[in-house]
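Trainee: Line order of the protein sequences matches chains A, B, C, D, E and F.
Each residue of the first sequence is one higher than the last, beginning at 26 in my numbering.
Each residue of the second sequence is one higher than the last, beginning at 26 in my numbering.
Each residue of the third sequence is one higher than the last, beginning at 26 in my numbering.
Each residue of the fourth sequence is one higher than the last, beginning at 26 in my numbering.
Each residue of the fifth sequence is one higher than the last, beginning at 26 in my numbering.
Each residue of the sixth sequence is one higher than the last, beginning at 26 in my numbering.
Hints listed in this document are in silico derivations from the structure and should not be mistaken for laboratory results.
Copies of the same chain look alike in the list, so a pair counts if it works inside one copy or between any two.
Distance condition first, Cα-Cα at most 30 angstroms in a straight line; then the derived DSS-like pairs of lysine-lysine: (1) Lys-134 / Lys-161; (2) Lys-129 / Lys-112; (3) Lys-134 / Lys-179; (4) Lys-134 / Lys-162; (5) Lys-88 / Lys-40; (6) Lys-87 / Lys-154.
As the structure is a prediction and not an experimental result, all values here were calculated from the model.
6 protein chains.
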Amino acid sequence: MKRALYPGRFQPFHKGHLHAVEYILKEFDELIICVMAAQHNFTLENPFTAGERIWMIRSACKKFLDRIIVIPISNIENNSPWLHNLKSFVPPFEVLFSNHPLVKILAEKEGIEVRPIPFLKREEYVGEKIREMMLKKGGWKELLPKDVVEMIEKIKGVERVRRIKEKDVI
Amino acid sequence: MKRALYPGRFQPFHKGHLHAVEYILKEFDELIICVMAAQHNFTLENPFTAGERIWMIRSACKKFLDRIIVIPISNIENNSPWLHNLKSFVPPFEVLFSNHPLVKILAEKEGIEVRPIPFLKREEYVGEKIREMMLKKGGWKELLPKDVVEMIEKIKGVERVRRIKEKDVI
Amino acid sequence: MKRALYPGRFQPFHKGHLHAVEYILKEFDELIICVMAAQHNFTLENPFTAGERIWMIRSACKKFLDRIIVIPISNIENNSPWLHNLKSFVPPFEVLFSNHPLVKILAEKEGIEVRPIPFLKREEYVGEKIREMMLKKGGWKELLPKDVVEMIEKIKGVERVRRIKEKDVI
Amino acid sequence: MKRALYPGRFQPFHKGHLHAVEYILKEFDELIICVMAAQHNFTLENPFTAGERIWMIRSACKKFLDRIIVIPISNIENNSPWLHNLKSFVPPFEVLFSNHPLVKILAEKEGIEVRPIPFLKREEYVGEKIREMMLKKGGWKELLPKDVVEMIEKIKGVERVRRIKEKDVI
Amino acid sequence: MKRALYPGRFQPFHKGHLHAVEYILKEFDELIICVMAAQHNFTLENPFTAGERIWMIRSACKKFLDRIIVIPISNIENNSPWLHNLKSFVPPFEVLFSNHPLVKILAEKEGIEVRPIPFLKREEYVGEKIREMMLKKGGWKELLPKDVVEMIEKIKGVERVRRIKEKDVI
Amino acid sequence: MKRALYPGRFQPFHKGHLHAVEYILKEFDELIICVMAAQHNFTLENPFTAGERIWMIRSACKKFLDRIIVIPISNIENNSPWLHNLKSFVPPFEVLFSNHPLVKILAEKEGIEVRPIPFLKREEYVGEKIREMMLKKGGWKELLPKDVVEMIEKIKGVERVRRIKEKDVI
Chain A
26 MKRALYPGRF QPFHKGHLHA VEYILKEFDE LIICVMAAQH NFTLENPFTA
76 GERIWMIRSA CKKFLDRIIV IPISNIENNS PWLHNLKSFV PPFEVLFSNH
126 PLVKILAEKE GIEVRPIPFL KREEYVGEKI REMMLKKGGW KELLPKDVVE
176 MIEKIKGVER VRRIKEKDVI
Chain B
26 MKRALYPGRF QPFHKGHLHA VEYILKEFDE LIICVMAAQH NFTLENPFTA
76 GERIWMIRSA CKKFLDRIIV IPISNIENNS PWLHNLKSFV PPFEVLFSNH
126 PLVKILAEKE GIEVRPIPFL KREEYVGEKI REMMLKKGGW KELLPKDVVE
176 MIEKIKGVER VRRIKEKDVI
Chain C
26 MKRALYPGRF QPFHKGHLHA VEYILKEFDE LIICVMAAQH NFTLENPFTA
76 GERIWMIRSA CKKFLDRIIV IPISNIENNS PWLHNLKSFV PPFEVLFSNH
126 PLVKILAEKE GIEVRPIPFL KREEYVGEKI REMMLKKGGW KELLPKDVVE
176 MIEKIKGVER VRRIKEKDVI
Chain D
26 MKRALYPGRF QPFHKGHLHA VEYILKEFDE LIICVMAAQH NFTLENPFTA
76 GERIWMIRSA CKKFLDRIIV IPISNIENNS PWLHNLKSFV PPFEVLFSNH
126 PLVKILAEKE GIEVRPIPFL KREEYVGEKI REMMLKKGGW KELLPKDVVE
176 MIEKIKGVER VRRIKEKDVI
Chain E
26 MKRALYPGRF QPFHKGHLHA VEYILKEFDE LIICVMAAQH NFTLENPFTA
76 GERIWMIRSA CKKFLDRIIV IPISNIENNS PWLHNLKSFV PPFEVLFSNH
126 PLVKILAEKE GIEVRPIPFL KREEYVGEKI REMMLKKGGW KELLPKDVVE
176 MIEKIKGVER VRRIKEKDVI
Chain F
26 MKRALYPGRF QPFHKGHLHA VEYILKEFDE LIICVMAAQH NFTLENPFTA
76 GERIWMIRSA CKKFLDRIIV IPISNIENNS PWLHNLKSFV PPFEVLFSNH
126 PLVKILAEKE GIEVRPIPFL KREEYVGEKI REMMLKKGGW KELLPKDVVE
176 MIEKIKGVER VRRIKEKDVI
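Given the sequences, and given the hints that come with them, work out the whole structure.
Mentor: Okay, structure coming up:
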């Protein structure tokens with residue numbers, strides 16, 4: 026049994042993320058997907074709850090639900106023991122996939138192998154851009170797996186992002 | 026017994042806030058005033074402690090002290106259960122008064138009625154502007170209830186705001 | 026304006042507490058009643074939420090609602106700065122009333138005057154005993170102010186205490 | 026899609042737990058298994074980490090890995106908003122399965138349907154007893170699914186429980 | 026430069042602790058003494074603040090103040106990353122000295138060498154017994170380094186322990 | 026025994042800091058150096074862990090290791106009791122040295138004497154500038170004590186600062 030780990034915020038889970046999951050599952054039996062910043066939600070940077078992000082991921086990954094392990098991880102203030110805190114919430118794994126510099130530094134200093142993620146259309150599939158498209162005209166639907174689009178519409182996610190953005194009038 | 030709830034940071038409690046309290050008390054028997062971000066103080070955005078803000082509110086509301094319930098509420102990281110966390114610290118209420126978009130979203134998703142606050146001179150009575158006026162020439166005194174002005178002078182509040190603003194020379 | 030402070034858990038607020046409040050208000054203009062362990066509820070030792078305890082206190086103190094300031098205070102782990110943490114959530118006060126040894130030590134080391142509370146029927150009016158009476162036959166109603174009894178019946182408080190006590194069958 | 030939720034500490038995941046999961050999956054499409062007290066580990070009451078408990082559950086539930094969603098949930102101090110805090114970390118669900126009195130009270134007050142779990146051999150399949158058997162002669166292996174036994178042996182779980190129990194000699 | 030680490034609660038720092046420090050400093054250039062449970066104080070189990078415990082240790086170790094590094098470490102709930110959390114607050118070290126079973130398990134799983142402490146009069150020099158002696162007649166002074174006794178008398182430490190023990194009369 | 030306290034973040038500990046320590050030790054027997062924001066590390070503003078900062082300080086202060094007491098202090102959200110929280114982690118002191126406006130306000134309101142630090146080359150010896158120099162060409166080595174430079178090179182500190190700065194490509 027070979028297991029890998031892939032951390033991300035998935036705000037929202039887009040086609041680039043799905044591509045990464047499929048790529049890793051070609052080589053590994055199981056993939057632990059860590060939903061980071063799990064305690065944050067209903068903000069512009071983190072509009073969706075961890076539960077909603079887990080729901081998105083499962084909607085998009087129906088073909089290999091038995092091979093993914095989706096775990097919410099709340100941020101802690103002290104970065105240095107980040108990897109060991111995370112490890113206490115997940116089954117054992119061999120390789121960590123990430124392009125995030127801080128994740129790479131923190132994992133490498135503990136001797137964990139970190140591999141890069143060969144992202145698809147890296148300038149397009151970007152969470153921040155997708156959240157901005159939700160605020161404006163649109164185009165965001167093409168960047169997400171179809172099932173994620175449906176799920177976001179069910180929870181009125183775009184309306185949520187727009188209302189959070191509204192200027193407080195107090 | 027009809028009770029309403031009105032959350033705010035009240036940094037400081039100004040005439041717009043007092044107007045809102047008087048407006049709500051026309052219809053409701055009691056008003057719970059939640060002093061939000063209660064754990065924050067001695068910063069530019071939150072110069073006054075929760076205790077000082079409670080003191081301000083009671084100074085300005087002497088005529089109906091028996092009908093207001095002033096409760097400090099510390100912020101939590103997880104926004105989603107915000108309303109249920111708050112509910113555990115206050116007596117029951119029927120209506121929540123707020124113009125804050127996030128408050129409205131979080132309350133509406135739990136089926137709580139949210140009503141807008143018909144603020145007086147909305148462009149003037151703004152906490153942020155008043156704190157800026159404290160840093161500069163002045164004019165802030167006209168925007169606060171007289172008793173709040175006296176109380177701020179007693180604690181040397183303006184000097185505090187200015188000193189917090191000073192550039193650290195280390 | 027002379028203000029005193031009286032901290033307690035008030036699980037529930039009984040006639041001994043009410044007697045103490047009336048005693049202090051004979052000498053002081055205002056009394057800050059701190060509802061301690063405010064974040065604890067739905068346990069055997071702390072069955073009622075802070076909001077419910079505030080509600081009890083206001084029900085029992087209808088005659089002097091304008092002179093009491095009821096503030097929930099969550100416990101912190103570090104006892105030593107207990108008083109200074111508390112002070113940031115309440116208006117200024119001159120005297121602290123308590124029979125609690127730890128409260129006395131922590132207040133005295135900061136130079137705050139602590140006075141004892143001349144409790145009424147000290148062996149009867151005890152929160153722990155009242156909670157035990159709720160679990161068994163009864164007799165608890167005579168020990169609480171009439172309005173607190175009504176309020177506890179409205180929220181089915183006795184049923185709550187009994188259910189929390191039930192042995193988990195998992 | 027009908028989803029249920031089943032919270033537990035699973036220290037360790039035993040045959041009674043497996044029976045409950047199978048029972049619920051007869052009626053529901055998916056089951057969210059919440060690993061409670063997720064932040065606690067390496068203690069007598071909670072010897073295994075959340076990650077190890079997730080690993081146990083997946084080992085025992087190989088036949089329906091695509092239908093279970095295993096989520097670690099850290100305890101919070103404030104019980105009252107327990108359900109709403111939990112909800113922010115899981116996909117939506119219709120029914121909560123639990124025999125735990127506190128869980129039932131907290132869920133019922135929010136209008137969530139709670140159903141009992143028809144446990145198998147309720148006096149035998151008890152986490153606390155199994156942990157005690159691990160400390161003594163044995164017999165614990167018959168009470169756990171075979172794959173969980175193997176996994177506990179791999180991580181030397183029994184040795185861990187015994188060493189935690191050792192009297193500190195400082 | 027060879028550095029060792031020695032964690033303990035030091036409630037209070039007694040002759041057995043001093044003996045351990047002297048023993049370790051025979052082989053190592055520097056010793057990091059971690060004052061554990063640093064956030065706890067003014068309780069029966071942890072009567073002294075971290076600052077007071079640091080003061081005790083420095084009073085007793087005057088001969089090698091340049092070779093000890095005394096660091097307060099607050100407890101965290103999640104035991105598993107205990108060592109990595111601790112490491113972020115101390116300079117690097119080679120060997121950890123402890124007789125505490127949990128400390129040994131947590132350090133060994135990370136590949137850190139743990140060595141036992143050859144305690145002097147292990148049945149006598151025990152923090153818990155010394156705190157009990159403080160409550161009763163005495164005899165505690167012989168078990169502590171002379172400078173620690175003086176320091177405890179200066180802060181009226183025995184009176185503190187006794188007052189914490191007093192039954193609350195509320 | 027006269028003791029002073031000097032709080033700072035020391036990211037990194039530079040010649041200005043060393044000058045301040047030497048200045049204070051001319052008058053005081055012992056100096057408590059508080060490493061503030063101790064829980065923060067591996068960020069652009071706080072690249073070094075508290076343990077690394079303690080290591081830096083001891084490397085630079087070899088001549089008076091017996092007279093400095095270096096204590097990590099984690100930030101708390103509530104500023105008002107900042108000084109009393111800090112006091113519980115350090116031995117008693119008489120004077121606090123700081124040029125930081127907030128530190129001065131918080132200490133003065135508790136009646137603690139605060140004295141300014143006569144910094145050397147105040148426009149050069151600035152943590153923020155030194156961290157920026159680490160990101161670019163250099164020149165930072167001249168601003169740090171020689172032993173601190175060696176220690177930063179040993180832990181590859183400059184590479185760390187640069188990698189944290191890298192744009193995340195996810």
